[in-house]
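Trainee: Okay, here's what each chain looks like letter by letter:
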Amino acid sequence: MLNYFSSYLVIGCIYGVMALGLNLQWGFTGLMNFGIGAFYMLGAYTSAILTCSPSPDHLGGFGLPVILGMLGAAIIPGLVAWLLSYPALRLRGGPFAIALLAIMETLHLVMRNESWLTNGVWGIRGIPRPFFELVNPRAYSFYFLIIAASALILTWLAMQRAVKSPWGRVLRGIREDEYLTSMSGKNIFRYRQQSFVLSSMIMGIAGSLYVHYTGFVSPQVFSPLMSTFIVWLMVMVGGTGSNSGVVLGAFLVWAVWVGSDFLTDLVPASIATQIGFIRMLAVGAILMVTILTRPQGLLARRLFTAEIHGKGEG
Amino acid sequence: MADLLVSGIIYGSIITLAAIGLTLMSDILKFFNFAYGDFFSLGAYGTLLMLGLLPKWAPFPGLSFGWGLILGLLAAVVLTVAVMLLFEWMFFRRLRQLGVSPLFVSIASLGVAFVIRALINIAWGPKVRYYSNVIQISRELPLGIRITSDEIVILISALILVALVYLFLKRTRMGKAMRAASDNPVLAEASGVSTRGVILWTWGISGILVAVAGTFYGIEVQLSPGMGWSFLIAMFVAVIMGGIGSFWGALLGGMTIGISEELITGLVQNLVNSMKIQADISVYKPAVAFVFVVLILLLKPYGIFGKRER
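Just so you know, the sequences run in chain order A and B.
Mapping of the first sequence onto the numbering used here: residues 1 to 314, in sequence order.
Mapping of the second sequence onto the numbering used here: residues 315 to 624, in sequence order.
Treat the hints with caution; some may be incorrect.
Unchecked claim - Facing chain B, from chain A, some residues (calculated, C-beta under 10 Å):
1) 91
2) 224
3) 225
4) 236
5) 267
6) 268
7) 272
8) 283
Derived by calculation from the structure, the hints in this document are not laboratory data.
Each residue gets a CB set at the ideal place from its N, CA and C atoms; glycine is no exception.
Work out the full structure, taking the sequences as your base and the hints as a guide.
Mentor: Printed below as a string of C-alpha cells:
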C-alpha cells in the first residue's frame, strides 16, 4: 500500500514537472502547444539510448551514467525545439497548436517505425535505474520519490524565479498584449523562442525521469492523451498561470486517474474492461466543466482575467 | 503514377468535403474546433448504426453498398448535426455568453473530442469495422489506373456536394449572411443578419459535410474510433493552407494534401525500391501533411487565400 502510494507520488511529481513546463509556455507566454508529448518522448528516448548498455536492437546503448542521460534529455529536445521554433513560432493560437500536434504525430511515427533507432513497438528494456543496487528493490519507488520530488521542487523554484524576474514580466507582457510589448522595444520572437525551448527542455527532463523510474520505454507510453492532453487538463484544473496551482492540478488529476483503478475492482467485469474509455470520458467532461465554470482554474492569478475575458485569437 | 494521382484525388475529395465545413466553422465561430475529427467518426459510426437497424437490402450492381447505406447516411447526417447542435446549445453557446476567449474555447473543444471518442469506443469497441465485407474488384483503365465503382460514386457525390455548398453560399440569403458574418460580424449584425441563425447554420452545414466525409472514408478505408483524430491534422492543414474561411482555399488545400500524400509516398517508395533498400515509406503518409505545414508556414503564414488578421 505504501509502495502503491509512493508510486502514485513519483508519477505525480513527473506530471508536476511537465505541468510546470507547460505553464511556462501556455500560462505565461500564451503558446498553445498541443505537442508537448513530442519533447517528453524525445527526452525519454534520448536518456534511454544514452544510458543503456549496448544492444543490437536499437541505436547505441552508450552505457553512460544516468546524470549524463538526463543532461542529454534536456539538450536534445531543446535543440529540436530551437530548430522547430523558426517555422512554428510564425503561427499563433490554433494554427500553432495544429503544427505542434502534427510534429508530435510525426515523431510518434518515427519512434514506432524506425526499429534501428528505437527498437520500434518492442521498446527499450533494461534502462538503468539510479541507485537500484543500493536499496531494497521492493521499496524502490520510495527511494526514487526523493529524486522525483527534488526535480519537482527545483523546477518549481526555477519557474517561480523565472516568472518573477524581468524576463518573466516580458513573457506575461507578450501574453497580455504582444503589440504593446514589442513597442516597448522587446524582441517578441526571441522571448517566445526562449520560453518554447526552455519549456521543451523541462519536458525532456520529465521524460528522462519517467524512463529511469520504470526502466522501460516504448511508443505506446506516449499516447496523445497520456503524454499531452492529461497535462493540459492538469494545467486547466490547477489554474493557468499559477505555478503552485498547476502542481496541485497535477496531483489532483493523477489521483482521480489512479483512484479509478480501485473502481475496477468494485464494478462488474463487463464495465471494468471499459475503464480506459470511461477515464477518457472523464478527462473530456472535467475539461469541459472546468472551462465552463472556472476557466481560471483552482488557483489562478488575478492578472489572467484579462486573457480569459478579453480579446485573443483562435 | 497516374494511378497514384487518381487515388490521391479520391482521398483528397474526402479531405476537401470535411475541410470546407471546417473552414466555415473556424471562420464564423472564431475558434478551432478540435472535436471536428470526432464528429467525422460519429458520422461514420452513425451510418454503421443505421445500417444495422435497417433491413439488409441487396447492394447495387457493381457497388459494395445498397439502399441501406444511402438511407443510413441520411440518418447519420441528421444524427451528427443533432449532436453538434446539442453541444452548441449546452456548451459552446454558454462559453460565448461568458465571453471566454477563443483559445480557451479551442481547449474546451478538446474536451468534447474526448467525450465523443470515449462514447464511440464504449458503444462499438476499439476494433476496426467495415460497412460491407464485399470485396470490390477494381476496374483497369488505361495508364495503369485502377479504380473501383465505389470510388467513382464517392468522387461524383463529393463533387456534387461541394457544388451545392458553393451555390448555397453564393445564392441563398443565409449563405450570403454567413459570408457577411465571416467578413465583418459587427457590420453584418448591424445590417440585420441574425448572428444566432448564422451560427446554427454553420454547425448544420459543417455537420452535413463532416458526416458524409466520414462515411465516405468508412466506405473507402475502414472504421475505427480513432479515424477522425488521425484525419484531423490533414483537415486542419488543408484549412490553414488555403486560408481560414476560404472556400476555394479549402478545396485547393484538401486536394493538394490528398494528392501529395499519395504521390510523394508512392514516388519515394519507388525510389527506395529501385535503390534496393528495404523500407516501408507508406507508414509516413500522415507526415506529408506535416511537411506541408512547415512549407506553408515558411512561405505564407496566412494561407494561400487567407486574409491577414487584424
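Trainee: Take the hints in turn and mark each one as holding or not.
Mentor: Verification of the supplied hints:
1. The beta carbon of residue 91 of chain A is positioned within 10 Å of a beta carbon in chain B (closest approach about 6 Å), and the interface hint is therefore held.
2. The interface hint given for residue 224 of chain A holds, since its Cβ lies 8 Å from the closest Cβ of chain B, which is under the 10 Å cut-off.
3. Nearest Cβ of chain B to the Cβ of residue 225 of chain A: about 7 Å, under the 10 Å cut. The hint holds.
4. With a cut of 10 Å, the hint placing residue 236 of chain A at the interface with chain B holds, because the nearest CB-to-CB distance is about 7 Å.
5. Given hint, residue 267 of chain A at the interface with chain B, is violated; its Cβ is 13 Å from that chain's nearest Cβ, farther than 10 Å.
6. Contact between residue 268 of chain A and chain B, as hinted, is not supported at the beta carbon level, the nearest pair being about 14 Å apart and thus beyond 10 Å.
7. A cut of 10 Å between beta carbons decides the hint on residue 272 of chain A: the least distance to chain B is about 13 Å, and the hint is violated.
8. Hint status for residue 283 of chain A relative to chain B: holds, with the closest Cβ pair at about 5 Å, below 10 Å.
Checked against the numbered hints given earlier, this structure breaks hints 5, 6, 7; the rest are met.
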